[in-house]
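Asks: Can you make the complete structure from the sequences, with help from the hints?
Chain residues, written in single-letter form:
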Amino acid sequence: MDRRESLKWMMAVLATVPSWNVAAGGNASKGYGTDPDLVKRYRMGDLWPLTFDATQKAAAAALCSVIIPAYALSKSAAQLDVHVFIDEWVSAPYPRHVEDRKLIVEGLAWLDEESGQRFKKPFAKLALAEQHKICDDICWPAKAKAELAKAARFFARFRDLTADGYYSTPEGMKELGFTGNKASVNFDGPPVSALKKAGLI
Amino acid sequence: MPFITAATTQENYDVIVVGSGAAGGQTAYTLTMEGARVLMLEAGRNYDYVTETPMFQANGDAPLRGAGTPDKPFGFYDATIDGGWEVPGEPYSSDSDDPAKQFKWWRARMLGGRTNHWGRISLRNGPYDFKPRTRDGLGFDWPLSYDDVSPYYDKVEMLIGVYGDNNNLENTPDSPEGCLLPAPAARVGERLIKQRAGKLGVPVVPIHRAVLTKKLDHTVIPAKLHPGNAKAQRIIAKDMEARAACFWATPCFRGCSIRATYQSNAVHLPPALMTGNLDIVCNALVFEVTLDKDGKADGVLYIDRPTGNRHRARGRVVVLAASACESVRILLNSKSPRFPNGLANSSGKVGRYVMDTVGAGLSGQIPLLENMPLHNEDGAGGSHMYSPWWLYQQQLKGELDFARGYHIEMSSGRRMPGPGTVRMQAGAKAAYGRGFKEEAKRYYGSHVHFAGRGEMIPNEGSFCELDPVLKDKWGIPSLRFHWQWSAHETRQAAHMQKTFAAIIEAMGGRVMGKVEADGAKSIAAGGEIIHEVGGTIMGADAKNSVTNQWCQTWDVKNLFITDGGPFASNADKNPTLTIMALAWRSADYIIDQMRKGAL
Numbered sequence: 001m002d003r004r005e006s007l008k009w010m011m012a013v014l015a016t017v018p019s020w021n022v023a024a025g026g027n028a029s030k031g032y033g034t035d036p037d038l039v040k041r042y043r044m045g046d047l048w049p050l051t052f053d054a055t056q057k058a059a060a061a062a063l064c065s066v067i068i069p070a071y072a073l074s075k076s077a078a079q080l081d082v083h084v085f086i087d088e089w090v091s092a093p094y095p096r097h098v099e100d101r102k103l104i105v106e107g108l109a110w111l112d113e114e115s116g117q118r119f120k121k122p123f124a125k126l127a128l129a130e131q132h133k134i135c136d137d138i139c140w141p142a143k144a145k146a147e148l149a150k151a152a153r154f155f156a157r158f159r160d161l162t163a164d165g166y167y168s169t170p171e172g173m174k175e176l177g178f179t180g181n182k183a184s185v186n187f188d189g190p191p192v193s194a195l196k197k198a199g200l201i
Numbered sequence: 001m002p003f004i005t006a007a008t009t010q011e012n013y014d015v016i017v018v019g020s021g022a023a024g025g026q027t028a029y030t031l032t033m034e035g036a037r038v039l040m041l042e043a044g045r046n047y048d049y050v051t052e053t054p055m056f057q058a059n060g061d062a063p064l065r066g067a068g069t070p071d072k073p074f075g076f077y078d079a080t081i082d083g084g085w086e087v088p089g090e091p092y093s094s095d096s097d098d099p100a101k102q103f104k105w106w107r108a109r110m111l112g113g114r115t116n117h118w119g120r121i122s123l124r125n126g127p128y129d130f131k132p133r134t135r136d137g138l139g140f141d142w143p144l145s146y147d148d149v150s151p152y153y154d155k156v157e158m159l160i161g162v163y164g165d166n167n168n169l170e171n172t173p174d175s176p177e178g179c180l181l182p183a184p185a186a187r188v189g190e191r192l193i194k195q196r197a198g199k200l201g202v203p204v205v206p207i208h209r210a211v212l213t214k215k216l217d218h219t220v221i222p223a224k225l226h227p228g229n230a231k232a233q234r235i236i237a238k239d240m241e242a243r244a245a246c247f248w249a250t251p252c253f254r255g256c257s258i259r260a261t262y263q264s265n266a267v268h269l270p271p272a273l274m275t276g277n278l279d280i281v282c283n284a285l286v287f288e289v290t291l292d293k294d295g296k297a298d299g300v301l302y303i304d305r306p307t308g309n310r311h312r313a314r315g316r317v318v319v320l321a322a323s324a325c326e327s328v329r330i331l332l333n334s335k336s337p338r339f340p341n342g343l344a345n346s347s348g349k350v351g352r353y354v355m356d357t358v359g360a361g362l363s364g365q366i367p368l369l370e371n372m373p374l375h376n377e378d379g380a381g382g383s384h385m386y387s388p389w390w391l392y393q394q395q396l397k398g399e400l401d402f403a404r405g406y407h408i409e410m411s412s413g414r415r416m417p418g419p420g421t422v423r424m425q426a427g428a429k430a431a432y433g434r435g436f437k438e439e440a441k442r443y444y445g446s447h448v449h450f451a452g453r454g455e456m457i458p459n460e461g462s463f464c465e466l467d468p469v470l471k472d473k474w475g476i477p478s479l480r481f482h483w484q485w486s487a488h489e490t491r492q493a494a495h496m497q498k499t500f501a502a503i504i505e506a507m508g509g510r511v512m513g514k515v516e517a518d519g520a521k522s523i524a525a526g527g528e529i530i531h532e533v534g535g536t537i538m539g540a541d542a543k544n545s546v547t548n549q550w551c552q553t554w555d556v557k558n559l560f561i562t563d564g565g566p567f568a569s570n571a572d573k574n575p576t577l578t579i580m581a582l583a584w585r586s587a588d589y590i591i592d593q594m595r596k597g598a599l
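Quick mapping for you: the protein sequence lines, in order, are chains A and B. Its first residue numbered 1, the first sequence is counted upward by one per residue in our numbering. Its first residue numbered 1, the second sequence is counted upward by one per residue in our numbering.
Hints should not be assumed to be uniformly reliable.
Taking lysine-lysine and the DSS-like style, the derived pairs with C-alpha atoms no more than 25 Å apart in a straight line are [as the list claims (entries may be wrong)]:
| id | chain 1 | residue 1 | chain 2 | residue 2 |
| --- | --- | --- | --- | --- |
| 1 | A | 174 | B | 231 |
| 2 | A | 145 | B | 429 |
| 3 | B | 441 | A | 174 |
| 4 | A | 197 | B | 131 |
| 5 | B | 131 | B | 543 |
If you are wondering where the hints come from, they were derived from the structure by calculation, not from laboratory data.
Replies: Okay, structure coming up:
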C-alpha cells in the first residue's frame, strides 16, 4: 500500500468508525426461536445476515490468525473460517451478542486505526512482527495501559471467540485430542497410561 | 387408542392424566397396564425422540457452535422445546425485586416434558428423608416411610433401567439384587477425585443414573413388575427387548433416539400405548378441573394451544401430573362456590412450601490431569461417580451450623469441545499465537467441576399464588412466586464452597474463581436447580396438608396429584425417581379403589 492509498484508507476508517463512542447498530432479525430444527446442519449466515464488511472481515481474519496461527500440520483460525463464525456470533440478535457486536466492531476499527497510526497500513496488511507489537500492548489485560483498557477488553473477548470457533471445528477438536463422539460396544475406562500419568497407579 | 385430537377424544375415560413427564408417564403406564382407560393431556407439542434427537451432531453443526441463548438457555442441543426459563406467552412473576428472593421456573412444552433433558440422576430417598422432623424438629414428616416406598423404587429402577452400585452408606439405600445395572468404569478425573477426596473423608462412589449400561433382562423383570398380569408382562417384555443399551456417545441431555436412557415418552408411553388403553392429546393446556354437583371431579377444561380453542374432557378420576407449580396453578384457577380459594384448598396450603434444591458450584484446574494420553471419556453421557452426604452423624450431634445434607455431583474429562472449552488460564505463558495453541492442548480435559445439591427445608416465605393481574395469552391467571432461603440453606452453600476448595487443593489443583464463603452469595437462585417440589404437600392431617399418603387430595377424593407437589420435604436426592415411585404407588391405589368401587 503506498502513501496515497494508505491515506485514503485512513480517511475511510475515520469516516466510518472514528471512535469507541459510535454505537454499532443492533440487528433487527429474530433468533432461531424456542423450537428450532435440532438435527439440521447449519451454516454461518443461515439464520441472520452477517455484519462485517470487507475491511472488518480482513481485520478479523488477520487477528484470528495471530491468535491461532498455522504451524506444522495444524491450520490457522482464519483457514478454518473462524472470522466468519465471529461474524455470525456478533450478528446474532440476542442481548449478549448485541453487546459483543459493539465491542468487536469497534475493536476492529480501533485495530486498524492503531495500525494506521503506527505503521501506515491496516492491520491485515502489517507484517507479523508489527501485528504482534500491537497485540502485545493489549493481550494481557492486567498489564495494559489505562488508555488501552477497552482495547484489551476487545482482545480478550476476541480471543475467547476465536478459541470457541476454532476448537469446535473437526480440525480443532482433533488438535485438542478429542477422540469421542463415536459409538462403541463397551466403555473400558481410562487406559493404563492415563492412570499412570495421574499418579493413580 | 393412540395420539388423537380434541375432536376425537372419547366421551368419558376412567382417568384423565394431566402431563406426560415422569409423573404423568409413570401414572399412565401403571394405570393402562392394569386396564384403565386413560386420556393424557400434554400442554406441549408431540415430540419424536427417534427423528428429532441430535445424536452425533458436533457443536460446529449448530448455530453459534451450540452456545446457549435466551431461546435455548442450556445450549442449542438441549432437549427442551418451547421452554426454558421463559415460555413465550406464558409468563410468571416474582413478588420481589430483591435478587435474593427470586424463583426461576424452567418449563418445557413437549411430549415427555423435562424428562427429555434431565440429568438422569436417580437417587433413592433414605429412611431419614421421609421423617426429617422426627430427626431434627424442622420441616414436616411424610405420612409414609421408606419401607412404604422402597418396593416402588425397586420397580421403577427395574422398569426404566438405572446403573449404580450398592455401598452400604448411611441413609443412602442399597437396591435389592437385580434392580441396578452395572456402574460404568470411572473416568481418570473421577478416580483422582475419589483418591484425594477420600483422604478428606468424603466418599466417592458410583452415581445412579437412568442409562442402560446393558440391556434390561426382558425374560426376568416383567414378572417382577406385573405379577399375575400376563398381558402387561408380554407388552413390557417386548418393549424392553426393543430398547438398546448405551453406545457410549452423545450426552444424555440431548435425549436419546435409541432409548438407552429414561425419557417418559421413550420408556413409559410406548408400552402404555401398546395396551390400547391410552389416548394422548398434545398441545392441550389444562387450566381447570371441573366438579359435578356432589363435589367430585368430573373432568378438565383445556386450551388447544395453537388455536386457543377451549375443550372439555371427562373422567371418573383426575390426576394432575403437570409439574409441582403448574398443578398448583390449575388448582388455584379451579374456583367454585364450594372451593372459592381454589380446588382442594380447604387447608389453605395449595401453593405453600415450594422447595428447590440448594445449589452451589466450584471449578478447579488440576495439573495431574494435563497432557493426558488421548482417550475417549464420553462414557455414559453424564457423570459416573458422586459423593453421597457423609456427615449425618456430625449433624445429629449438632456439630454443623446447618441441619440437612447435600451430595456432590462432579464432572471432569475430555468432553466434546465447544464454546468455553478453551480459555486463557491464570498463569498462562502465552496470550496468543503458537504458545496459546500449545497451552490449549495442555489444559484441555484438566478441569473438574463440583456441584453441591442440598436439601432445602420448607418455609413460610417460599410459595406461589395467582398473580392478581398477570395472565397468559389465553387470559388464564399466571403464578406469582415468593422466595426465601433460611440460614440452613445459605450455610450449607458456604460449606459446599469450602469442601470443594479443599478437594481441589487435595488434588494438587488450583481453584478457578472465588471460593465464596458467604452462602447467600454462592447459592443458586430458587428454582435454578429445577428440582422444585411441594406446593401441594402430603400429610397425615387434612388441616395442614393438601393430599394424603396416596397423593389423593383430602377435599376431592377422585382428584390426585402425582408430580413433585405432594413432597413434604426435598431431600438432597434428585426428585425424579421418587416422583415415579410415588406415582406408581398412587396409581396402584387408584386401581385398587376403582376395583372396590370406592372411586
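Asks: Quick one: which hint numbers does this structure break? Sort them smallest to largest.
Replies: 1 and 4
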